[in-house]
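*Asks:* Chain residues, written in single-letter form:
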Amino acid sequence: MSVESQVQPTAEAAPKRLSPAMQSITRVAKYTIVKLVMLFITVVIGVYLTILIANMGGYVDNIMRGEIRQAVADRLNRDPLYRSMQPDARQAYLLSQVTDEEKRLGLDKPFAVRSIGYLAGALQLDLGRALNMSSDSGSRSVRLIILERLAPTLLLMGFSNMFLFFGSIFLALTLSRNYGSFWDKFTVALSPTSSAPPWFYGIFFILIFAAIFRVMPFGGMIDAPPPTNQWDYAMSVLKHLILPSSAIIISSFFISIYNWRTFFLIYSSEDYVEMAKAKGLSNRDVESRYILRPTLPTIITNFGLLVITLWTGAIITETVFSWPGLGRTAFRAIGLFDTPVIVGLTIIYAYLLAMTVFLLDFIYAVVDPRVKIGE
Amino acid sequence: MYRNRLMALLGLLVIASMVLAACAPTPDVTEEPVDTSTPVDTATTEPTAPDPTAEPEVPATTRHGGWLDQVTMTVVTADAAVTQIAAGAIDVYASNLSTPQDIEAADAAGLERSFQFGIYYELTFNPSGEFEGNTFPATGKLNPFASAKVREAMNWLVDRNYINQEVYGGNAVPKFFSFVSGFPEYARYVETIRGLESRYQYDVDRANAQITAEMEAMGATLVDGKWNFGGEPVDVIFLIRTDSDGTRVPIGDYVSNQLESIGFTVTRQYGTSSELSALWVAGNIDDGLWHIYTGAWGVGGITRNDAGDFQFFYSPNSAYAFTTLWQGYTLEEGDLALYDDLANSAFTTLEQRDEMVAQALESTFKYNYRVWLEDGRAFSPWQPNVSVAFDLAAGVDINPLWPHTLRFDDAEGGSLNWGTPDLFVDPANPVGGSNWTYDNQWQLATNDRGVMLNPHTGIGLPQRIERAEVTIAGELPVGKTYDWVDLSFAETIDVPADAWIDWNVETETFITVGEAYPDGLTAVVKSVSYYPENLYDVQWHDGSNLDVADFVMGMIMTFAPGMEGSPIYDESIAGSVEAFKAGFKGFRIVSESPLVVEFYTDAWQSDAELNVTTLWPAYGYGDAAWHVIAVSNYAEANGLLAYTADKAEASEVEWTNYIGGPSLEILKTSLDAVAAEGTIPFSATLGMYITPEEAAARYANLDAFYAQYGHFWVGTGPYILSQVFLVEKQAVLVNNPNYIDLSDKWAGFSAPKIATAEVDGAAIVTVGAEATFDVFVTFEGEAYPADEIASVKYIVYNAAGEIVEVGAAAPVADGQYSVTLSADTTTALGAGSNKLEIAVVAIPVSVPAFTTFEFVTE
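Protein chains in written order, with the working numbering: chain A, 21 to 395; chain B, 29 to 886.
Isolated chain B, as found in the complex (with noise of 0.2 Å):
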């Protein structure tokens, strides 16, 4: 009896729980900050290169769209990815790996892997009383880093050396600046660079000797060996972040006992990201709650201009000037003015801005309010028998060439399987979706652009236009590395009276420079977009071809949301319109078939292809058709749904997630709306490029592919998003067969090819004689092609490891060339033991090769 009504109670709670179960949403159809601007660059003076997709290394093929059939996106956590690419369970892990044991790891299994900058680490240093009596305002306590001479001392005290090999396993790269030296700044000015290393290399004596100095003076005095001040010990207290990629915790370990070695008594805090930028961004330096703090900055594409480090860093007009932390830190008028010229590119010649950069460079050391220790790098694996091109800072997953380059070697098709860290974080939409790296990765498959940067240099090459031409105006040091783009300067560049340059929200169509400017307008660069015979060829993913419609769409949407008035306003928007407009000055359309744009500003870039602006329909989040954006502008502008979380918040409606949840019902509920109506959006303008017969075509083949794929992100790209599974976290994408390109067309980038540096010569040199040494340049064996070498820089180091020559290597033949050390030159280095460093900069990649080669003179 008791038997069966226990049975009946466990039956009964069994029920409930699947009820319970049953009452989640179906899977039904769908689903650390990125960096997905564009990198801005600088001058160049490289030759012009040849076109990298003209000479694809592979067999031609047939087939379009990705290499691949299937590309199944699925959750795999950083420390077992590895051992499921060994085990076979997935193909490629796209993250970033960086701990020693992961290398030894996939390197044991025999897997490939990329190898990326991203992470760089310093110490940063609360200087709160400097000038001011060296303690802090609101304790009294001494605060030793308030000196600048005890941060100098900190580049002595702390040996990266040895940070590298015992934490990175010898896989980062020692550092004393913020210039990334895996990127094009770190070659530009490595002489200037090496002086400055070479200055202030590890030397605990030195730095105790120094720090001894001005603690002294600072009133401070030691006893017992450890340092007082007023009667007590003086307590540093460090910030050591826990979270992150862990490496952090083992460095202020490393750093605490240098400095407790020396007489100064630490206190570490472990802390998470969270609990530390309380103190350190959120919290006030005058407290004295804390004096260092384990900084690190990371990069999300290759950068080719950071002259605008040294405000960022080191400038209270930096980015950060809202801290008091950056308000605290006090520069010279000269370096002040100079830092803020560099970051707002206020030179006129590359000679200049050489100058200016290597003076800001010496500077820094005047400050010291952080120290530099490490470039990491980071990896991610797969496969032996897959290949895929990666980016030198971004690395596999979010770099735009994956989709296109992704294979089994040696084979078309196939499915592949794809590890990341996490997978549908935020909804997504193109306006203002997810911006997370783990969204990010598949929406670059689904999408296309105008134009695609090379990921060994972070130079932009032509995707879907064909070729462009820049005009900058004035003497601006801008050169071009590709012949797709004709740069040209002009005395003044006028833009034109029917250009557009703003959007009137009541009338709903765009403001001229001749109404708004009758006076006439100007702009520092002009770019002219020339896309191709067969661009209307092209496809979204619902069948529907692409249509210069989708091109102005794109700019009304630049404005639209962000402006008061206007049925889809968003106040989050409003900040980005009005920093859009600063530097914009109109656009137009030239010709509609083929099609040619015009796009003028003022903001330039110091490589011409970088200048140029295609107005390709990609959003801030991703990439849309007129008739998508058509229907979820419905939903926002009834209330219904918000692009923006902020919007969502302040509405309290659902965030618009093109790809699942309770946004679906709605969208395809403001489908049904606008194509029963058919609605063409800001008709006054965009009822130009638009039929009512179009625009139903359009809406039919949005529902008969929500109908097929349960979600509204159609794309252009080389992949369709078929199948999202929300809480299983994977997603599915399959070939697009229609896209225009071949699948080869990027199948040059599969491995950088980064030069590989050997010298060769006498190992004694007589003191007063010439001394000649060969250097000899390679890829994979094969002599570097000598058109594709921007420059071979020789620096000379004497026994002391001071700078005595810095020259270009003369050309012998590809591959090789050959230095020689004039008789002044050995008889300055005087008897010793000498160094010879060979610098390489190639053209198709950022990254420089350095070689070294020690002599002897006597």
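Chain A with its partners taken away, still in its complex shape (with noise of 0.2 Å):
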């Protein structure tokens, strides 16, 4: 028998182990650095994407040469005093006001380095001036052009598609609790009406309450003329809210509703469910309890993309109800090859998404403890 000696370890020749906190929080910090890096390099890729997208490559900038000559061309041309002038000193004048327009525009440098000051201004969410659109104020702030068209955007948006999510999903739960009711199969029946886009149903709405009853406007965001209270003119904003957003709403409902039923239904019919009903509790503590709480990662998940696809607004519905919202500005900007502008609300709208992705993952930890961050 051989008495094998045991070396006892010292305090210094020990590795040192780390507290389960400390552990878990280098694995939190870990995770944060890693997760934000990645997320910094997709956002600058998606940009850098999104500009080169814009341009063409480049190639926006002959269509813009082209533009410039043939506006400073028709312009010029409709000035008596141009026309007056000698065919030599005429063209001088107008190469020299053609020379002016592409240098203010940035012609002048290739569009190289032009597309990596717009990403490092995006970046650093310096949004800089639009090349040719104004804000509605008037102002070429690239952030102010956005700004304006906020508050309407997620008037509308944020209105429209807030009670599509939270009506879905509380009627979706109630059908799920009643599968084969009428109104499950009623529901199930008009899930189809979703294929028609919200435009689509706008237009129809404008015919039939604007047209022919005459009870709604046809569109914009107040009556015409304007309200001289703010009281009235807010009402007047809420009225002229209810078709666009109806449209939005009645495009979406009964698909909303029918796919968050279905996914409920399954929570629905799991043994813990019928468990707690044998139990005798509640429906709403059953809902609230059983079906929600295992759900809610995916609820928050489709919340928060929700919540930031609300900047983007609507570009065809704004467009059916003339309402000033920031999908328009996002559709004339693409029009006008106005790259800042597109920049500035693709930048945006990156980082939220970015933000919304990074943050959801915490989200998740907090509402399931089945979920490690970093694990």
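Since the hints were made in silico from the structure, they are not lab data. Everything numeric in this text was worked out from a predicted model, so none of it was measured. Accuracy of the hints is not assured; some may be wrong.
What the hints assert, rightly or not - Here are the computed distance ranges between Cβ atoms for each label pair: (1) A:L380 <-> B:D107: 41 to 49 Å; (2) B:T300 <-> A:F60: 31 to 39 Å; (3) B:T855 <-> A:Q106: 49 to 57 Å; (4) A:A112 <-> B:T848: 51 to 59 Å; (5) B:N573 <-> A:G78: 53 to 61 Å; (6) B:A732 <-> A:I61: 55 to 63 Å; (7) B:G548 <-> A:A112: 24 to 32 Å; (8) B:T300 <-> A:S215: 28 to 36 Å; (9) B:E160 <-> A:A132: 34 to 42 Å.
Said to hold, decoys possible - Beyond 12 Å from chain B on every Cβ pair, some chain A residues (computed): (10) L38; (11) Y51; (12) V54; (13) K55; (14) G66; (15) P130; (16) F131; (17) R134; (18) I136; (19) S215; (20) A296; (21) A298; (22) K392; (23) I393.
Built from N, CA and C at the ideal position, the CB exists for glycine as well.
Mind assembling these two chains? They're in different frames, but the hints should get you there.
*Replies:* Written out as structure tokens, the structure reads:
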């Protein structure tokens, strides 16, 4: 029998073991840094791709040069003074005007240089100045161009989508608990109506409620002439909100209920739910504790993504209803090749999306104890 | 628990959304490129016409300013315009509509509507390779349109009547020249035009024969019904515009089909203006990236002199000469000189001009760098109980008379809703602000002018001035239409030594002609504008009375922003100042009360009325009082704001906006500063006209105006800009009760007096016998007064469509004329089916009336 000597670890020689709390903090910190770096790289790539696509890899420069020449020639040709000049002087004057305009738009620098400038400015949220667009108040500041349209956008998109989201979940929960009922079948039957986009319903709503019955406005945000006091103004805005928001809601309402109802249905038939029911818990308790709770990460994810999509507006619906939203701003910016505005909208969306994705991981951990960050 | 957390989270998000929303600027105050230039015009031999403002057709009124109490401008998309008017949501849609469906809907709803010429359509050809082997230098591929004969044959290949009916529902007018068929030039040269039109009527067989001959001459061969060159199909790249009014897509498709039917392979490249201009404007034609482009051109007002069209559309000396396309136009020496002379008005008599234009019209068919297709006609609809004057080119929205004539029928006052496709596109300031038609329309209501253009003829009429004198040096074909102008001729016109001709930025004083030209200076035109005694009773919207300083400030601002060394120097304006100086020969204030101003220039126009320069304080983009300009000049000089987009971009400051945005706070600060300092701008000059007390009173008025309306847009027009909702896109204009004129001043312009012509006569005429036809000219069923008819021409065509005789119908009575064909003429016609065409040119409108009568000779 041999006696094995046991070496007692000394305080100095023993590897340092971190406390569980510290281990968690280290793990979370490491995860956070890696995640942030990855998200930042994704944002950089996404935004630069947007710049490249919006500029067709630099070909937009040619388009803009053509537009500048045509616009300057047309403008000058309407000027009797210009028409009375001799051809050589006229050409020199025209070319000087073209050069000024090209310089103003930065076309005197290569696209590659400008694209890096756009990217650097965007990443620092220095949105800069638009090339051709003005904000509603007449400013070339991209920040103002976006901010001035933010309130109407959030009003329309926020109201519609929040109503849609929570209304759908509420009704879906009820239907999932009443599978096969008349209302369940009714909802399922109507779910194909969501194949039509909001603007499609919008046109019909305008036709029915504005053109025929004349009880609703055709579009816009306020009555003409505008109300003189703030209460009437607010009521007018609400009235103008009804048709566009109804179009957005109706176009997705039934399919959204159907989706959530099917989703909840899976959880509604779990054994622990049946057990809870057998224990005599109220429907409300069953729904909130046994169905909603395990589905919370999914609901939160959907909600998080929904909140950032509010930012994008709804291009065609806004156009149909003449609603001054960011969707139309983005559409116009694309049409005018106004890169700073396109980049401004994109970078904000990209940062919001990255933040949401980042935060969701933490939120999952908060709402679901099974989830560990960084593992 | 979790529900509570969830609700808390949701609550936070909603609050965050609300906070973000609240970050947006409050709708505090306020809120396709337009031709606001004066149409150039040409000689007229028309008899002097009565002043159309003299006899208003409606009962007298005691109301001042606009007829309406309030006009609310709101944004409405074009496709919803008719529906919204029919539903009563808006009363007027001021912008252009043009589709047959819109016309049908408007008529079905019983709406009133204007009609105006505006856009005209053509095919632009790439002539690269002409005289150089007919191939593209970059590719070596055949370019069929390098051949003038192929281009000429395109006139026969396209059926303009088909396009009119199928694309425009019969609402357009087929065209063969750039001259717009509703404008004076068309009527003036109608016999030449008609002759050429009959030569190029649709004839696909003739087109095919000529193209086949040319293609074979160029070395192409027809293989299996397709043209080949160098072993490859001849591929025609057709650039087809998809934007604008959308009509160029069916036009492009139709022409493509026609080309394919005679053996061409066509690549239809659809695109927007931006996408295609990169090819046809900015691209190099020798690269062979396109062959044909669906072109279109617009006019912003009735043009009375289109002689410059030949240079513009066909010459390498065109305003578009910077493009390789125009550089590729090769003209014969004589034609090049002819087009230049017409553009530069290098003629001394009307007869000489007529000959030159007729020659130029004929010559364009030697080149056919473009084939003209249609004169588009647009309309603006309004409620049946509304009336408004419209311009035969500009329509309603940018017709300066709309604020003076828009009203509910037989009612004064009321609130009217005005629809427009957009509003507040760019910042508004009078020196370098928004030039969009959408912004121009509300500005027109707040502005006034010295001379108003007749919306039906384009000739000037006195608005703020009382009368004018025009003197022309030498023998130039200048005539007059109205009595408010005295026209005279002089051998030479010497500019007085004390007239002001330039601006000294250092001393801030005008340079006199005597100082600048010690040996004297002459001018081609001298105009003297006489303002009425009550001119200074005119009030700006802030309550300040108009003053001679407002006029002088206007002239200072013509120079100062474009001159280096000026505190408000703007490089982007410098070029236009130099252009102005090129023809400008000085101005002089002869009398301050009543105000009489002389203006000297070398730029002349053939209508005396359009040679009058009134010096009314209208800047390029709106009227302004001196004290308002002083405020924005202060901001400009201190680098806080910039009048133009270019300078704003270069200086990285806000583009001056009188009606909203960050500019307002800066302008208010500037107002406080100039008021505190008692600033008299350009004091070395304006100090002669402004006392410190007057300056203080004006600044106080402006401050009170800003407090009341929340903006700085101060005009003298019949409406005041009352409220502006920038994000919501609405502008509210209210009546200006202090406007000096009664509302009915321009009431006579409600409807253009376009004549209707009818012909009556024998359907069968014996060859060799004299034949007489009666011509009846009416307006709304009543005989057209003879003194309002400039000419009634007749054109006789034989069975082959050739012109046999052109003449003037003999007047019989008001609205009745007679055409007699002599025995020689009927003999020349021979046996067959002939046509008599009548062209009536009336003085009150530019649009000629045409009618035809077919008769048989046997």
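*Asks:* Minimum Cβ separation between F131 of chain A and chain B greater than 12 Å?
*Replies:* Its Cβ never comes within 12 Å of chain B, the nearest being 14 Å, so this holds.
*Asks:* Check the non-interface label on A298 of chain A: least C-beta distance to chain B beyond 12 Å or not.
*Replies:* Non-interface label on A298 of chain A holds, nearest chain B Cβ at 23 Å vs cutoff 12 Å.
*Asks:* Confirm or reject: R134 of chain A is not an interface residue toward chain B, with every Cβ-Cβ distance exceeding 12 Å.
*Replies:* The claim stands: R134 of chain A keeps its Cβ more than 12 Å from every Cβ of chain B (closest is about 14 Å).
*Asks:* Look at the Cβ atoms of E160 of chain B and A132 of chain A and judge whether their distance stays inside 34 to 42 Å.
*Replies:* Check passed, 36 Å falls within 34 to 42 Å.
*Asks:* For T300 of chain B and F60 of chain A, compare the CB-CB distance with the range 31 to 39 Å and indicate the outcome.
*Replies:* The hint (31 to 39 Å, Cβ to Cβ) holds, given that T300 of chain B and F60 of chain A are roughly 36 Å apart.
*Asks:* Mind verifying the non-interface call on A296 of chain A? Its CB should be farther than 12 Å from each CB in chain B.
*Replies:* Answer for A296 of chain A: holds, closest chain B Cβ roughly 15 Å.
*Asks:* Assuming the hint says 24 to 32 Å, is it satisfied by the Cβ distance from G548 of chain B to A112 of chain A or not?
*Replies:* With Cβ atoms ~30 Å apart, the hint holds.
*Asks:* Has the hinted range 41 to 49 Å been met by the Cβ atoms of L380 of chain A and D107 of chain B?
*Replies:* Distance hint for L380 of chain A, D107 of chain B holds at roughly 42 Å.
*Asks:* Measuring from beta carbon to beta carbon, are A112 of chain A and T848 of chain B in 51 to 59 Å?
*Replies:* 57 Å, holds
*Asks:* Per the stated criterion, does the least C-beta distance between Y51 of chain A and chain B lie above 12 Å, as a non-interface residue requires?
*Replies:* 22 Å, holds
*Asks:* For S215 of chain A, is the shortest beta carbon distance to chain B beyond 12 Å?
*Replies:* 24 Å, holds
*Asks:* If we take the beta carbon of I136 of chain A, is the closest beta carbon in chain B still more than 12 Å away?
*Replies:* 20 Å, holds
Hint violations for this structure: none, all hints satisfied.
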